[in-house]
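Visitor: Read off the chains here:
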Amino acid sequence: MTEPYAVPVPRGYRVGAWEVREPIATGAFGSVYEARRTEDAGDPGGGEGAEGTTATRELPGTAALKFLPTGTGTPRQLTHLHELIEREVELLRRLSRPRLIRMYDTLTVDDPERPALDGATVLVLEKAERSLSALLAASPRPAAGPALLAQICEGLAQLHRAGWVHGDLKPANVLLMKDGSARLADFNMAAELEGTHAYTPAFSTPDYTPPELLWSEIGERGRRIRPSADVWAFGVLAHLVLTASFPLPGGTPTARRDAAAAYARGTDELRLSPELPDAWRQILQDCLTRTHADRITTETLLRRVEAAAGTGRSPRPLRLARRTAVLSAVTATVAVAALGYGVSLWSDTGGKADAGAAGKGGGKVSAASSAQNVTSAGYGATELRTDKGIPVKYRKLIVDSAHNCAQPEVTPALIAAMLKAESNFDPDLSDPANGEYGIARWTPTILRWWVRSDGVPAEETPRPPLTPELSIPAVSRYLCGIEPLLKSHLPGDRRVLLAASYRTSYKKVNAANGAPPKARAYAARVAHYLKEYTPPGKK
Amino acid sequence: MYSIIVVPPPTTEAEPARTRRQLAPGERLTFGRSERDNDLIVPHDGVSRRAGAISAQGAFWTLSNLCAHQTYVVENPEGAGEHIKVGPGRLDAPVPFEFSRIVLPAAGDLLAIDVWAPRHDYLRAEGDLDGDTTAPAFSVDRSKRYFAVLAALCEPRLRGAPHAPLPTVDQVVDRLRPNWPAASRTSVQWNIDYLAVKLRLKPGPQSAEPGARLNGKKESLVSLALRFDLVREDDLSVLTAVAPRRPR
Chain P
25 MTEPYAVPVP
35 RGYRVGAWEV
45 REPIATGAFG
55 SVYEARRTED
65 AGDPGGGEGA
75 EGTTATRELP
85 GTAALKFLPT
95 GTGTPRQLTH
105 LHELIEREVE
115 LLRRLSRPRL
125 IRMYDTLTVD
135 DPERPALDGA
145 TVLVLEKAER
155 SLSALLAASP
165 RPAAGPALLA
175 QICEGLAQLH
185 RAGWVHGDLK
195 PANVLLMKDG
205 SARLADFNMA
215 AELEGTHAYT
225 PAFSTPDYTP
235 PELLWSEIGE
245 RGRRIRPSAD
255 VWAFGVLAHL
265 VLTASFPLPG
275 GTPTARRDAA
285 AAYARGTDEL
295 RLSPELPDAW
305 RQILQDCLTR
315 THADRITTET
325 LLRRVEAAAG
335 TGRSPRPLRL
345 ARRTAVLSAV
355 TATVAVAALG
365 YGVSLWSDTG
375 GKADAGAAGK
385 GGGKVSAASS
395 AQNVTSAGYG
405 ATELRTDKGI
415 PVKYRKLIVD
425 SAHNCAQPEV
435 TPALIAAMLK
445 AESNFDPDLS
455 DPANGEYGIA
465 RWTPTILRWW
475 VRSDGVPAEE
485 TPRPPLTPEL
495 SIPAVSRYLC
505 GIEPLLKSHL
515 PGDRRVLLAA
525 SYRTSYKKVN
535 AANGAPPKAR
545 AYAARVAHYL
555 KEYTPPGKK
Chain S
60 MYSIIVVPPP
70 TTEAEPARTR
80 RQLAPGERLT
90 FGRSERDNDL
100 IVPHDGVSRR
110 AGAISAQGAF
120 WTLSNLCAHQ
130 TYVVENPEGA
140 GEHIKVGPGR
150 LDAPVPFEFS
160 RIVLPAAGDL
170 LAIDVWAPRH
180 DYLRAEGDLD
190 GDTTAPAFSV
200 DRSKRYFAVL
210 AALCEPRLRG
220 APHAPLPTVD
230 QVVDRLRPNW
240 PAASRTSVQW
250 NIDYLAVKLR
260 LKPGPQSAEP
270 GARLNGKKES
280 LVSLALRFDL
290 VREDDLSVLT
300 AVAPRRPR
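Residue numbers (my numbering), protein chains in the order written: chain P, 25 to 563; chain S, 60 to 307.
Treat each hint with caution, since some may be false.
[Unchecked claim] The list that follows gives simulated cross-link-like pairs (lysine-lysine, BS3-like), each with its CA atoms no further than 30 Å apart: (1) P:532 to P:511; (2) P:531 to P:511; (3) P:555 to P:511; (4) P:202 to P:151; (5) P:532 to S:277; (6) P:532 to S:144; (7) P:511 to S:277; (8) P:511 to P:542; (9) P:531 to S:277; (10) P:555 to P:542; (11) P:531 to S:276; (12) P:532 to P:542; (13) P:412 to P:202; (14) P:532 to P:555; (15) P:531 to P:555; (16) P:542 to P:412; (17) P:511 to S:276; (18) P:531 to P:542.
[Unchecked claim] Listed next, with one range per pair, are the computed distances between beta-carbon atoms: (19) P:467 to S:282: 26 to 34 Å; (20) S:169 to P:114: 43 to 51 Å; (21) P:245 to S:146: 47 to 55 Å; (22) P:515 to S:230: 43 to 51 Å; (23) P:118 to S:230: 43 to 51 Å.
These are calculated hints, taken from the structure and not from any lab test.
Backbone N, C-alpha and C fix where the C-beta goes; we use that ideal spot for every residue, glycine too.
Start from the sequences, fold in the hints, and give me the full structure.
Guide: Structure (structure tokens):
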């Protein structure tokens, strides 16, 4: 290895209870060393003491120490580094899952003698044998490939269930343990979901970046990312593991990036390697879709990957995430979920790529609407009463839109109550005096910011009439987006406050410490219908 | 997902109608006088009916000269006279500049089509060429004027006043004039607008209000640049270094 180490640490260097041994690897941000636990732990002498956060409990004999140059004297004192490290530490502190690498401790080097190391953050991590990228370099198309993929997918599912997105899944970030099992590592880009998406720093590995994030817009909080970005990365990684080649053609990452862009624009088709077994081909095609909305969910992916790999089903958490639980209550889960997504895609008023996709998928739309007719009368009955006059034709839209948001406050009953209070479910409402249109009384210039499911504002302001297919998912996205912005200890039912924020703004609700006077009558109506539409026994 | 932006030549009667065209890799834009066969109509009698075509190829673009007898010149406006010539009938000539101006000779007039390639990549100090490395999504050319503008905007905060007010456009002009004598309000503002394109700044809701727009854009640029270390304290040397600027 000729690469210079991001953080050089001499052999035999002591940090807390650990003595540094061989270097393992270096990345763009930090370096990893093997370390041995010494018996005389906690010796503060020699100017090489360290402040730790946990006592030496159940520590193994060897560990991997990840040094991250956070000190003030380090030559590359970087603002963004702190943020990246905080993400990793935050995730590992809060999540301990079987398929995620384990963190035992975090330490800070206190060694003024060595300015390059002083102040460095050290993560004490479970020691792995090697990375998946090292395995692939030594033996392409490993025989254990399918089983490893099942484990990687399981790790991804564990992460997504806990509400996090990895953001940088690639072979170098998959570690293989001594027993041959795989664990996910490197959570510098990981982010906790806020509603349907998370914000990650604007870093990525081009070969594993989904097309919608290539050259995507970046706000001050970073770039918006969804779990579906990890699903795309998994598709690329699986293709590499099974066929020793990338799914998109090209000899360089830049050429493959351009191929991904051409594929996403619909000017080129996906040509997966003929080496792929049929079962995997189907799975990879559903991971590597042109748009994020067409990609399969992580839970479905896990089920299919485990079936294709022939491994047993991994243990599922007893209480599934709300969204998954509801979906499995509906018959023909997979089909309905996929079709539901189809509908939300057509409602996008997007760029040319969307228009092209819509033309191609014409058959899908009609299939979706017929499926809707069959299931809609009792659709989502556990969360939305069927006997209170909510028009049947909007049930699926309301229920699915609410489920696309992970905030527990955004429920089908809330959206239905708001539609009732806004327009009495009138899809043709037109109020030019106040500039509000459609079933949700959207103001078109505001709707523009919420109309696209990928979080990007539409290129043009939507023009009335505003269809329910456009209006209702946008209501859910809006509520989902502003939920974290409402102050956390406001008095009253948070769902009603969300509705009041929709009518006015979250700033006004925060300022008024509740529904502003102007919106009180509206809030009372929403509260009334919310109670009426919620099935007994539900909150 | 566009990689190339084409700014049509100004037309005397409708100056604000210089609508930018965005091209994604693989897309092609033809230009010329004829209203039927062209994506971009250049209404000048001295221009061929089918004058040429611009094709986006990844992060760069190519120019086809469809004219039978005239040579087109593609200038790099920041390149101190750097230019390439594309002779009559030459197809798909690659253009390496981030900023380019295609100069069309048209019966005594010179018409300029500006083409920007904001996705050009530049090596970062700590970067390497391995595609497997996690890389930041931005890449700026430290020798370009937009970088000097960005540095001037970030300067007060980099000099240790984290909440310092941002310099006004006029202050930026004054700050840059020693190294860039031709700096003006318009050219600085142009560079700020270009930076917003280059850094793919998400247009904020405030862009609907014309008054707040400019300030919001500068704020967003500075906060993004500082957050991702696009400009560091040692980069402020671009503001003091004596011309000529060091080539890279």
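Visitor: Hints first: check each against the structure and report whether it holds.
Guide: Hints, verified against the model:
1. P:532 to P:511: This hinted pair holds, its Cα atoms lying about 11 Å apart.
2. P:531 to P:511: Roughly 9 Å separates the two Cα atoms, so the pair holds.
3. P:555 to P:511: Since the Cα atoms of residue 555 of chain P and residue 511 of chain P sit roughly 23 Å apart, the hinted pair holds (cutoff 30 Å).
4. P:202 to P:151: It holds: about 9 Å lies between the C-alpha atoms, which stays within 30 Å.
5. P:532 to S:277: Cα-Cα ~26 Å, so holds.
6. P:532 to S:144: 59 Å, violated
7. P:511 to S:277: OK: residue 511 of chain P and residue 277 of chain S at ~28 Å, within 30 Å.
8. P:511 to P:542: 19 Å, holds
9. P:531 to S:277: Measuring from Cα to Cα gives roughly 23 Å; hence the hint holds.
10. P:555 to P:542: 22 Å, holds
11. P:531 to S:276: Between residue 531 of chain P and residue 276 of chain S the Cα gap is close to 22 Å, so the pair holds against 30 Å.
12. P:532 to P:542: Distance ~10 Å between residue 532 of chain P and residue 542 of chain P Cα, so the pair holds.
13. P:412 to P:202: Given pair residue 412 of chain P, residue 202 of chain P is violated - Cα atoms ~59 Å apart, limit 30 Å.
14. P:532 to P:555: Within the cut-off at roughly 25 Å; holds.
15. P:531 to P:555: It holds: about 26 Å lies between the C-alpha atoms, which stays within 30 Å.
16. P:542 to P:412: 28 Å, holds
17. P:511 to S:276: 27 Å, holds
18. P:531 to P:542: Given that 30 Å is the threshold and the Cα spacing comes to 14 Å, the pair holds.
19. P:467 to S:282: 26 to 34 Å: 28 Å, holds
20. S:169 to P:114: 43 to 51 Å: 58 Å, violated
21. P:245 to S:146: 47 to 55 Å: 49 Å, holds
22. P:515 to S:230: 43 to 51 Å: 47 Å, holds
23. P:118 to S:230: 43 to 51 Å: Roughly 45 Å apart at Cβ, these two residues keep to the hinted range, so it holds.
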